[in-house]
Amino acid sequence: MAEVLTRPAPARALRRPRIVARFGILALIVVAAAVGVLTWNVPGEPGSRAFWLAVNLRVVSVATIALVACCQAVATVLFHTATANRILTPSIMGFDALYVVMQTALVFFFGSSALSATDGLLKVVVQSVLMVGFATLLYGWLFAGRRGNLHIMLLVGVVLGVGFGSLSTVMQRLLTPSDFDVLSARLFGNLSNSDAEYLPWGALVVAVVLVIVWRARHRLDVLALGREASVNLGLAYRREVVGMLVLVAVLISVSTTMVGPMTFFGFLVATLAYQLAGSAQHRVVLPFAVLLGMATLLGGYFVLRHVFYAAGMLSIIIEFVGGVFFLVYLLRKGSL
Amino acid sequence: MIVTAPSSRKLGHRVALPAAAAGVAALVVLSLFVGAYDLTADAFGGEMFFISRVPRTLALVLAGCAMAVSGLIMQLLTQNRFVEPSTTGTSEWAALGLLVTVLLAPGAPLLVRMVVASVAAFVGTMIFIGILRRISLRSSLVVPLIGIMLGAVVSAFTTYLAVSTNSLQMLGTWFMGSFTSIVRGRYEVLWVVAIVVLLVFLYADRITVAGLGRDIATSVGLDHTRVMLIGTGLVAVATGVTTVVVGFLPFLGLVVPNLVSMWRGDNARANLPWVCLGGVAIVVVCDIVGRVIRMPFEVPVSMILGVVGSAVFITLLLRMRARG
Chain A
458 MAEVLTRPAP ARALRRPRIV ARFGILALIV VAAAVGVLTW NVPGEPGSRA FWLAVNLRVV
518 SVATIALVAC CQAVATVLFH TATANRILTP SIMGFDALYV VMQTALVFFF GSSALSATDG
578 LLKVVVQSVL MVGFATLLYG WLFAGRRGNL HIMLLVGVVL GVGFGSLSTV MQRLLTPSDF
638 DVLSARLFGN LSNSDAEYLP WGALVVAVVL VIVWRARHRL DVLALGREAS VNLGLAYRRE
698 VVGMLVLVAV LISVSTTMVG PMTFFGFLVA TLAYQLAGSA QHRVVLPFAV LLGMATLLGG
758 YFVLRHVFYA AGMLSIIIEF VGGVFFLVYL LRKGSL
Chain B
394 MIVTAPSSRK LGHRVALPAA AAGVAALVVL SLFVGAYDLT ADAFGGEMFF ISRVPRTLAL
454 VLAGCAMAVS GLIMQLLTQN RFVEPSTTGT SEWAALGLLV TVLLAPGAPL LVRMVVASVA
514 AFVGTMIFIG ILRRISLRSS LVVPLIGIML GAVVSAFTTY LAVSTNSLQM LGTWFMGSFT
574 SIVRGRYEVL WVVAIVVLLV FLYADRITVA GLGRDIATSV GLDHTRVMLI GTGLVAVATG
634 VTTVVVGFLP FLGLVVPNLV SMWRGDNARA NLPWVCLGGV AIVVVCDIVG RVIRMPFEVP
694 VSMILGVVGS AVFITLLLRM RARG
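Protein chains in written order, with our numbering: chain A, 458 to 793; chain B, 394 to 717.
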């Protein structure tokens, strides 16, 4: 399948150095920002015990940011490819609302002890299995049959997102205050205060998903050609789309657990990646989007934390910038 | 388009409307007597009735009517079944206008807030219609998707503004569509939307024709731009006032007109009374459920509406899919 898609040799030879150079620059920015976040303004001499203590504390923030950037960037690119549009983002489809409603239902029906009883590995496994199962059922069902229609599926997803949101708020209203406290502490972290215990498990899930995605990169290239072309080229179109949406659901659930919902960050990163990566192939776009996401989040975190002393504002500012970017993109684009 | 119903069913329809009106009236009366405060408990009950229950029920009727009719107008103007104030960003713009007023002029009277919110809603709706004109669409289902994303952008900005001025919590309580805090003296401005609904009755035919497009509208002698502006203005006023007094009421404008036109066809003016009644009935039922489900506490009506409305809307979509 790969042979079908690769360009004629001369064009590739010309393009490759440019792509490599762009990757290099981006990687440099990421490393510089990471080192900056880790070591800037640390009390104590470099190398001393106090220095390493402070750096170790900051490693959690950096790792969280890297993981979230990974999740959002890959999820958005996958979502764009699977649904053949570059406007919508996974969170508008209610993937994070799905996660919230599942967690709320757990507390609502089994009490807050259910939440603490399922910690660590068990929680991650149960949560991932539930997300995969539910997303497969839902999107498989919506997309099945002769009349399976992408636009109807999208719209149903959006409406479901709103419905799930209302449903979880109703359930949260009916909880006792102490249960609600436990739940809300679980549901939404933020960038500068994330759950260190969850980090390794989240990283594990994301790593598994990334391996699956990387192995599917050529199939994704075919998928991007659209329904007719991919069926023609022998791809099980419907199965691939549902599979990718399930992966998106898992990635978004990890990201939501770590830092809460983000609507436009993924859009910002994915759209810039399409423009700047220099190739439309997923083996280029996906890593580029991930690097770009890390550079944006780490850079923003560094600037806000050490220049403006307002680290808590980061996700809000990124959402706002992403939103403005979205509007400009929409107005410049001719058709949809 | 089914403009006239078959004559054999005409009699049935003539009886149906008063019957439905009576049913809705019964719901309204029920709403007057449901609540945490026992009206017969002491001598204060009668006074309580007029301070709290009557204003609340009137507000339910007015807001339900206004949002359902707003949905109908927007659907006529854009010739798209899936638009309503909450899927076009109109409500979010009204919220932004309200927040800006409160931040810039904290002491501004209710009237000023309403005017600013309505103006913001108008601007937002015009932006949405402008975007629709600029881009060519492959499917009518894309229209609400654009609108919802547009609303998300606006509410991201509103949230940013609220966080940077420490008013996020206030924002949450404001826009949670709820009739809990409606008492005498707080709902009277909602009568403005009664005027809006009346104007819609007068303008229904023109709005229908304007929705067919500039060329058709002009060729039958209609000032297309003017009717578009008036229609959008009516929606903006209704949305702005409702948002300021009550908050967001999601899905109402979507579900009610669609259900009515599935049953009765697309004659807008003949459907208008039905749309009003349907809007009132749904809001009143949701509010009663919200009051009863967890007595003596209340669940805001917008949450019940969100759950019920999304379920109904998805059923409609899937039925449409089944029919192709």
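Rather than coming from a laboratory, the hints here were simulated on the basis of the structure.
Keep in mind that a hint or two might mislead.
[Said to hold, decoys possible] Taking CB as the label site, the calculated pair distances span:
1. B:V582 - A:R740: 53 to 63 Å
2. B:V422 - A:P634: 42 to 52 Å
3. A:V586 - B:S533: 46 to 56 Å
4. B:R687 - A:L682: 20 to 30 Å
5. A:S635 - B:P502: 40 to 50 Å
6. A:W497 - B:L711: 52 to 62 Å
7. B:L711 - A:L661: 31 to 41 Å
8. B:Q472 - A:E654: 52 to 62 Å
9. A:L631 - B:L711: 20 to 30 Å
[Said to hold, decoys possible] Some, not all, of what chain A presents toward chain B, calculated at C-beta under 10 Å:
10. V488
11. V492
12. L495
13. W497
14. N498
15. V499
16. I609
17. S623
18. L787
[Said to hold, decoys possible] Covered stretches of chain B, going by a simulated chain A footprint (3 or more residues, C-beta under 8 Å):
19. 521-528
20. 532-545
21. 581-594
22. 664-670
Yeah, the Cβ is synthetic: ideal placement off N, Cα and C, and Gly gets one too.
Now for the hints, and whether the structure bears them out:
1. A hinted range of 53 to 63 Å holds for the C-beta pair V582 of chain B and R740 of chain A, which are about 59 Å apart.
2. About 35 Å separates the C-beta atoms of V422 of chain B and P634 of chain A, a value inconsistent with the hinted range of 42 to 52 Å.
3. In this structure the hint that V586 of chain A and S533 of chain B lie 46 to 56 Å apart at CB is violated, the actual value being about 37 Å.
4. Range check, R687 of chain B to L682 of chain A: Cβ separation about 52 Å, and the 20 to 30 Å hint is violated.
5. One distance hint, 40 to 50 Å for the beta-carbon pair S635 of chain A and P502 of chain B, holds here, with the actual separation near 41 Å.
6. Checked against the given bound of 52 to 62 Å, the beta carbons of W497 of chain A and L711 of chain B, roughly 54 Å apart, stay inside it.
7. The supplied range of 31 to 41 Å is met by L711 of chain B and L661 of chain A, whose beta-carbon atoms lie about 37 Å from each other.
8. A C-beta distance of roughly 54 Å is found between Q472 of chain B and E654 of chain A, which places it inside the suggested range of 52 to 62 Å.
9. The given range of 20 to 30 Å is respected by L631 of chain A and L711 of chain B, whose C-beta atoms sit roughly 29 Å from each other.
10. Using the Cβ-Cβ criterion of 10 Å, the hint placing V488 of chain A at the interface with chain B is not satisfied: the shortest such distance is roughly 30 Å.
11. Given hint, V492 of chain A at the interface with chain B, is violated; its Cβ is 29 Å from that chain's nearest Cβ, farther than 10 Å.
12. The restraint placing L495 of chain A at the interface with chain B is violated, with a minimum CB-CB distance near 27 Å, outside the 10 Å limit.
13. For W497 of chain A, the interface hint is violated, the least distance from its beta-carbon to any beta-carbon of chain B being 24 Å, above 10 Å.
14. For N498 of chain A, the interface hint is violated, since its Cβ never comes within 10 Å of a Cβ in chain B; the closest pair sits about 24 Å apart.
15. About 29 Å separates the beta-carbon of V499 of chain A from the nearest beta-carbon of chain B, more than 10 Å, and the hint is not met.
16. For the restraint placing I609 of chain A at the interface with chain B, the shortest Cβ-Cβ distance is roughly 5 Å, inside the 10 Å limit, so the hint holds.
17. Here the hint on S623 of chain A is kept, as its CB sits about 3 Å from the closest CB of chain B, short of 10 Å.
18. A least Cβ separation of about 6 Å between L787 of chain A and chain B falls short of the 10 Å threshold, and the interface hint therefore holds.
19. Residues of the stretch 521-528 of chain B with a Cβ under 8 Å from some Cβ of chain A number 3, which satisfies the need for three, so the listed coverage holds.
20. Closer than 8 Å: that is the beta-carbon criterion, and the stretch 532-545 of chain B has 10 residues meeting it against chain A, so the requirement of 3 holds.
21. By the rule of at least three residues with a Cβ nearer than 8 Å to a Cβ of chain A, the coverage given for the stretch 581-594 of chain B is violated, with 0 such residues.
22. Note: the stretch 664-670 of chain B has 0 residues with beta-carbon separation from chain A under 8 Å; the three-residue rule is not met and the coverage is violated.
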